[in-house]
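Construct all of the structure, not just a fragment, from the sequences and the given hints.
Here's the letter readout for the chains.
2 protein chains.
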Amino acid sequence: MTDLLTPAAKASGDDGASVDVAALGRALLGRWADIRLQARELAGMPELHKVEGLTHTEHRERAFKQLGILVEQNGVHRAFPSRLGGSDDHGGNVSGFEELVTADPSVQIKAGVQWGLFGSAVMHLGSQEHQDKWLPGIMSLEIPGCFAMTEIGHGSDVASIATTATYDPATEEFVINTPFRAAWKEFIGNAAVDGLAAVVFAQLVTRGVNHGVHAFYVELRDPDTKEFLPGVGGIDDNIKGGLNGIDNGRLHFANVRIPRTNLLNRYGDVAVDGSYSSPIASPGRRFFTMLGTLVQGRVSLDGAAVAASKVALKIAIQYATERRQFNAASDTEEVVLLDYQRHQRRLLPRLATTYAAAFAHEQLLQKFDDVFSGAHDTDEDRQDLETLAAAFKSLSTWHALDTLQECREACGGAGFMVENRFTSLRADLDVYATFEGDNTVLLQLVAKRLLADYSKEFRNLDFGVLARFVVGQAADLTWHRTGLRAVAQFVADSGSAQKSAKALKDEDTQHEMLADRVQTMVAEVATALKGAAKMPKEKGAEIFNEHQNELIETARAHAELLQWEAFTAALRGITDPGTHKVLTRLRDLFGLTLIEKHLDWYLMNGRISMQRARTLSPYINRVLAKLRPHALDLVDAFGYGPEHLRATIATGIERERQDEAREYYRTLRASKDAPVDEKVLLQKAKAHGRK
Amino acid sequence: MTDLLTPAAKASGDDGASVDVAALGRALLGRWADIRLQARELAGMPELHKVEGLTHTEHRERAFKQLGILVEQNGVHRAFPSRLGGSDDHGGNVSGFEELVTADPSVQIKAGVQWGLFGSAVMHLGSQEHQDKWLPGIMSLEIPGCFAMTEIGHGSDVASIATTATYDPATEEFVINTPFRAAWKEFIGNAAVDGLAAVVFAQLVTRGVNHGVHAFYVELRDPDTKEFLPGVGGIDDNIKGGLNGIDNGRLHFANVRIPRTNLLNRYGDVAVDGSYSSPIASPGRRFFTMLGTLVQGRVSLDGAAVAASKVALKIAIQYATERRQFNAASDTEEVVLLDYQRHQRRLLPRLATTYAAAFAHEQLLQKFDDVFSGAHDTDEDRQDLETLAAAFKSLSTWHALDTLQECREACGGAGFMVENRFTSLRADLDVYATFEGDNTVLLQLVAKRLLADYSKEFRNLDFGVLARFVVGQAADLTWHRTGLRAVAQFVADSGSAQKSAKALKDEDTQHEMLADRVQTMVAEVATALKGAAKMPKEKGAEIFNEHQNELIETARAHAELLQWEAFTAALRGITDPGTHKVLTRLRDLFGLTLIEKHLDWYLMNGRISMQRARTLSPYINRVLAKLRPHALDLVDAFGYGPEHLRATIATGIERERQDEAREYYRTLRASKDAPVDEKVLLQKAKAHGRK
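Chains as they are written, first to last, in this note's numbering: chain A, 381 to 1071; chain B, 381 to 1071.
Since the hints were made in silico from the structure, they are not lab data. These numbers were taken from a predicted model, which means no experiment stands behind them. Any given hint might turn out to be false.
Put simply, identical chains are the same to the list, so a pair is met inside one copy or across any two.
[To be verified] Derived EDC-like pairs (lysine to aspartate or glutamate); straight-line CA-CA distance at most 16 Å: (1) K977 to E933; (2) K1066 to E421; (3) K917 to D759; (4) K513 to E1040; (5) K917 to D782; (6) K445 to E427; (7) K882 to E760; (8) K836 to D888; (9) K910 to E926; (10) K917 to E713; (11) K961 to D395.
Okay, here's the thing in structure tokens:
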């Protein structure tokens, strides 16, 4: 691959720094490096790769077989208990899972449905008895299953689901029922074809009391005939915008009876006589605890989105260092795309954001492992984990879509060919922005946390879009720490003397500016909302709604700050001076483009002078030019090989074609058979006429 | 459909205004209303609709048959000469063509390849003899054909193509040759399967002189066997990110001989003895003239992108007025999505932009018809048309992608289902951003025009990314008028007394602010580039490149101004007072969101005070709330019926399901069988404990 580097990319930049690609690559692999490398080996296997152009039926069949390969290769059981053949390794499990996105996002998400959702629910919500009974079959794929939570009528608002599980003491059974069409379970993976069983979420009713959402193990299909069991029904969601290897569908239940013991009873149980008990007294907190396993999905999607962004940028930047277009600077040699300022503007800030998101993800993953391994598993830790996952998953999944699209356009028509991966990955990742928590809803969850950290007033917040979804979180717990920890350090001298944007190169200044913005936005919106939580419901909701946009932008600002902090923290671990220098510049690019993106805010709030603001964009352009020689190194450090990229334009074919063309013209010129250009003749005639 | 309106949407808004949907619908149909309505009837035919989930091979077969239906239905010949069965109606032809996007973008673009490119090239570049010989077969689809211009190696840089057509006086033939792989024609529609012939663009060489790019009629395949003729070859581009009904492919020619008379010789001819002649002396201008027919493609894509945006917004806004989520304001009734501020922020500014783009497109279409009908066909008119088409096509195709994506996300998981259209349309329209002129290149063409209007210095600009592509335009013509006509009216009092954003409601103020920005940006970049055009090529290119980003942003600002002006001009034609009021507010929303988008510029250039800037966002939120009751009327005015929308979520099914659920709960509550909520019991117990 090395000999494909253009001279410009080979150069070490005007500052003499150069990147130690191998060392940077190791740093990017993070704490679970070995597992990541194993998973990449797996993802490189041709039999796991997406085949384009299959019908959705063929794609589903292939994906199901591929899940079998994952089992054979022992690639998906790391999170399960050691006594059942797993390794109780939660962080490692997610690390490996994330890497599967390069093989086929359908394989990844179908594996996520089977083991990350269905299996995890049995593991986390069930007793040891439940685990022993069902996990072996789930792990081996003998029992393909569903995670039947979402209903048509309520999407992200899980607390409002309408499916009921009513206890009948006469038969010691629960009766599972979907009373109307809006209560049908929808978008359920494995529901249309493969699922033999499901964990069904339903309102648990016993002795006339609704104890809220609980999870039940329900058999769906006869394992032999694959027909639905009596009372169970469903329809196929058919073709989707992507992820067509997964058989999503709807499920409905007409008074389906299951044994009492099929209630996954870790956080709530019903005795034979119908009496309810729970180790968690508060229904809100109980709901939150049961939904806590969902965070794993968000953590995984964050990592998968980062991986897809890396693949896209490697392909597009490789191509941009080879592809030439328009002869700007010479009569015979055209300019390499990445030497155009606009092309740098399109790709390099996205590269910087990808690095920031990658380092932020690694922090999130460690936090996740701390909680799920039990190493640090306080309520506070869980709250922090929820907030971080919501913040990072939203930003990174949107970033992946944006990056895939920009890369696709930056490669022109070639970018549109499915063989170059962008369009296919983009179609599959599209839904990452709205599943496992709609990004817009998740950012409101983050905003809620920021408000609660800011003022006790909002701690018991219980309405609006912030309501149902987070009711458990709001009801019982005191939150603090992650939210505004950094902001207190804000130093109020950001309007200081230097007038050029160069002053923004200073790390502390960047931090101050980003943190000050978060702090100010939180304070402003909290002030605007003051008292709203105690008003009559309708009035309070109205006031909240009038500030909904601000709330979401505040959450985004907070998430950006956390990404910047993660990038900056990661710099400390980079020992090679050249790599450190280049990566610091990349971090500066990230910080500066954030400030540029929100420049209106900085200006209208008096945080930056007009004079300095005007120098920002040209300064960023200079930073881009300085980073350009390192661009290829920075994407090579992602460590994806041809078996992961699988893009024709990343193979060096463009350079080969150009060499062939160049050689042709060289020979032609030498032969003196080359036709003369009419324009040249006209110029000569003109010159002759002037004499 | 009317009874699906929510009470909120039925209301006439707090200002008492209401929209005359029918009259507004007629205004939107524009000058070729009858043809549009005919074309919509055609596009509503089930046999022309996209069937999802076909393999690309099946989709190609279906699309080819669908082209036959278009011929039968007399839907695609309007531009051709009356003597051959057409109607010499260029504006009408494009109007009808645009509407086909709602049936299947593949059908639209395949029709565009056959008649808009291949047929148009024969018509515009050939003699009457050529027309009589080939057009009947092209019109009837007896000769499916290709427009073989783009080469792998040169994409948008058409002047640099490497295919040669060398005249051999011994046999009175041209020899068509692709000397190396980079010269292969690429992304050519109809090339992989259906094309029997092609208009091939090649460097015309005779008597040792290269006279530049000319077009040649070349037979590709045996009409009976469908095998390539000797010397012709190609490969299938296979699956793409979308538009898979079109058989794109590569073509190559190994010294293929064609009769001398197959040169489409309207703008350049070779006599039997090999002598070259042309009615256009300048090679640059000749090139530009021959490429002039390409503008039709850009005009059409602009219109198609607007149509797709309309369809998307109708579906998403219909759903947003029915779908309820989270009970913010009441215990039993959830809030309709479109009542959420953020949802308004996501959809309504895009609705305003769609109106602006629609009115701008109508202006472009009339300009196009003026030029192609010969009514106003000066060089200046052609230049204006080129500039407008480049400006509007770039903005509207990007806008369509952005709108389709936002609508898809705003509908959550339902938006991801292919049956709801967004993902399918988005995949197909993706390439609109880079074909028929890459948007980034087109905006540079606009920037070039702005510079030339600003100063003579840039009139002969001939390098950089602005070079090859526009060389003909730069070389011979004096440009003026469209570029900066409005800017001279700038009144320098924009920093006037009023301090609230409400002052921006004033039409003249909006115009001043938008126009001032364009003028200032042009002047600044022109100053920065001063002298660069006369510097040594390499140095000049470097300076240009250092300002490439600014150039592109300047062009975008100009295009936005033109859209705003088109919207404002269209208001004059709206006579119904209620409609005028609502549409004026929508135009304000468009203007205000443009100012908000570029607020950093206005602030750092002292065009708006910090104080006023801070009031802008809340003011826009109030405008959104005022427009919200009219949202459904504004999308209904687009006039697309269920046969065009074909989206399950736009059928009222969501409302039906909710009514069913609501009725269930009403009955349950009345029956007193309803389970009591555990939370309610706890609250009661708590209250009891307090007593």
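Each hint, compared with the structure:
{"no.": "1", "hint": "K977 to E933", "in the structure": "both (12 Å within a copy, 14 Å between copies)"}
{"no.": "2", "hint": "K1066 to E421", "in the structure": "neither (65 Å within a copy, 58 Å between copies)"}
{"no.": "3", "hint": "K917 to D759", "in the structure": "neither (28 Å within a copy, 66 Å between copies)"}
{"no.": "4", "hint": "K513 to E1040", "in the structure": "neither (64 Å within a copy, 39 Å between copies)"}
{"no.": "5", "hint": "K917 to D782", "in the structure": "neither (38 Å within a copy, 35 Å between copies)"}
{"no.": "6", "hint": "K445 to E427", "in the structure": "within (9 Å within a copy, 36 Å between copies)"}
{"no.": "7", "hint": "K882 to E760", "in the structure": "neither (39 Å within a copy, 45 Å between copies)"}
{"no.": "8", "hint": "K836 to D888", "in the structure": "neither (30 Å within a copy, 47 Å between copies)"}
{"no.": "9", "hint": "K910 to E926", "in the structure": "within (13 Å within a copy, 49 Å between copies)"}
{"no.": "10", "hint": "K917 to E713", "in the structure": "between (69 Å within a copy, 12 Å between copies)"}
{"no.": "11", "hint": "K961 to D395", "in the structure": "within (9 Å within a copy, 59 Å between copies)"}
Comparing the model with each earlier hint shows violations of hints 2, 3, 4, 5, 7, 8; every other hint is respected.
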